[in-house]
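Student: Modelling step: build the complete structure from the supplied sequences, incorporating the hints.
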Amino acid sequence: MAIEAWFMDESDEDQRLPHHRNPPEFVSSEDLAGLGVLYWHLNPKGYENDDELRKIRQSRGYNYMDLLDLCPEKVENYEEKLRNFFTEHIHADEEIRYCLEGSGYFDVRDKEDRWIRIWIKEGDLIVLPAGIYHRFTLDTGDYVKLMRLFVGEPVWTAHNRPQEDHPARQEYINSLLTEQVRQPLEAH
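In our numbering, the protein residues as written are 2 to 189.
Hints listed in this document are in silico derivations from the structure and should not be mistaken for laboratory results.
All C-beta atoms in this analysis are idealised placements derived from N, C-alpha and C, irrespective of residue type, glycine included.
Keeping only pairs whose Cα atoms sit at most 27 Å apart, straight-line, the calculated BS3-like set for lysine-lysine is: (1) K122 - K75; (2) K75 - K46; (3) K122 - K46; (4) K146 - K122; (5) K146 - K46; (6) K122 - K56; (7) K146 - K82; (8) K146 - K56; (9) K46 - K56; (10) K146 - K75; (11) K122 - K112; (12) K82 - K122.
Label pairs and their calculated CB-CB ranges: (13) G62 - D143: 28 to 36 Å; (14) Y79 - E14: 16 to 24 Å; (15) N23 - F87: 16 to 24 Å.
Tutor: Listed below in structure tokens is the structure:
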């Protein structure tokens, strides 16, 4: 199963809508890989005993894990939190999310600063590289259960745009220029 991604329209409508251009312009998994976005599709029903997930975590050093239920009924100040997640930002480390239930959108900037919308659904594990501008929102289902993975202790710091001088951003830009980021998107 491949991940679905497309270039976004410029509409200010509800952020939870798909925001396809007219006509839709889909983005290939190879183009996402060129931006450093990694993807696996796993079986979320047995994640506690999933050998494939265990191998990914071990090979990439993801030794910390927690779960997040994101929906209006379970999160205080839900609308405010969603606004914060939807503010364009970078992190100094990778952002690793495994969708166990529900669905949502990660938006990332391409090399020309255009928004690409990535629809994550049940079973999708996505890794965004450190330094990539991105944001997150739920879709109209208003529910997602995510596993968050980290190397070491979790760092929750979002650095809102602009961050062109941030070391993680500079390293990311340099990796794009030298094409060091290119890895197969579907490793499994």
